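A.B. asks: My request is simple: use the sequences and hints to build the entire structure.
Going from the sequence shown to the numbering used here is simple: count from 1 and add 8.
Just so you know, the hints here were simulated from the structure itself, not pulled from any lab data. Fair warning: this is a prediction, and the values are worked out from it, not measured in the lab. Incorrect hints may appear among the rest.
Claimed, not checked - Below, simulated DSS-like cross-link-like pairs (lysine-lysine); rule was C-alpha separation at most 25 Å, straight line:
#, residue 1, residue 2
1, Lys41, Lys11
2, Lys49, Lys28
3, Lys43, Lys89
4, Lys36, Lys11
5, Lys21, Lys49
As the list claims (entries may be wrong) - Per label pair, the in silico range of CB-to-CB distance:
#, residue 1, residue 2, range
6, Ala78, Lys16, 26 to 32 Å
7, Val88, Leu14, 31 to 37 Å
8, Arg75, Lys11, 27 to 33 Å
9, Met62, Gly82, 18 to 24 Å
10, Asn87, Ala19, 17 to 23 Å
Yeah, the Cβ is synthetic: ideal placement off N, Cα and C, and Gly gets one too.
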Amino acid sequence: MAKNGLDKWFAQKWVDIGSKKKDGSFSKCGRSKQKKDAKRKYPKCVPLAKARRMTESQRRSAVKRKRSVAQGVGGKPTNVKTFTKRAKAMGGGFMARRMGMM
Numbered sequence: 009m010a011k012n013g014l015d016k017w018f019a020q021k022w023v024d025i026g027s028k029k030k031d032g033s034f035s036k037c038g039r040s041k042q043k044k045d046a047k048r049k050y051p052k053c054v055p056l057a058k059a060r061r062m063t064e065s066q067r068r069s070a071v072k073r074k075r076s077v078a079q080g081v082g083g084k085p086t087n088v089k090t091f092t093k094r095a096k097a098m099g100g101g102f103m104a105r106r107m108g109m110m
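C.D. replies: Printed below as a string of structure tokens:
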């Protein structure tokens with residue numbers, strides 16, 4: 009039976025893309041209340057499969073956006089989009105120029 013919804017969400021391995029280990033792997037998502045984790049910066053967590061698909065600049069951008077927002081406002085977690093929407097090119101881009109539309 010195919011997993012979907014919450015079953016799929018819980019089955020995924022979630023990692024923090026903001027803290028990469030020396031061997032190139034990612035740390036597990038979340039922080040404990042231990043002193044060693046108190047130094048860690050606010051985590052940006054995504055499923056491992058998505059983290060592997062992302063480029064280094066996409067990871068940096070997502071972490072930067074997450075950490076720039078005020079954390080824990082109203083006792084709620086901070087959510088930001090993992091990927092930003094691209095701005096559409098003015099004038100239709102390359103194909104519009106090539107087809108003589110501009």
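A.B. asks: Next, verify each hint and record whether it holds.
C.D. replies: Here is what the structure says about each hint:
1. Lys41 to Lys11: The hint is violated at about 32 Å.
2. Lys49 to Lys28: holds (12 Å)
3. Lys43 to Lys89: violated (29 Å)
4. Lys36 to Lys11: holds (22 Å)
5. Lys21 to Lys49: holds (20 Å)
6. Ala78 to Lys16: 26 to 32 Å: Once the Cβ atoms are compared, 31 Å apart, the range 26 to 32 Å for Lys16 and Ala78 holds.
7. Val88 to Leu14: 31 to 37 Å: Given about 21 Å between the Cβ atoms, the range is violated.
8. Arg75 to Lys11: 27 to 33 Å: Hint holds: Cβ distance 31 Å, inside 27 to 33 Å.
9. Met62 to Gly82: 18 to 24 Å: Between Met62 and Gly82, where Cβ atoms are some 29 Å apart, the hint is violated.
10. Asn87 to Ala19: 17 to 23 Å: Holds: the Cβ-Cβ distance is about 21 Å, inside 17 to 23 Å.
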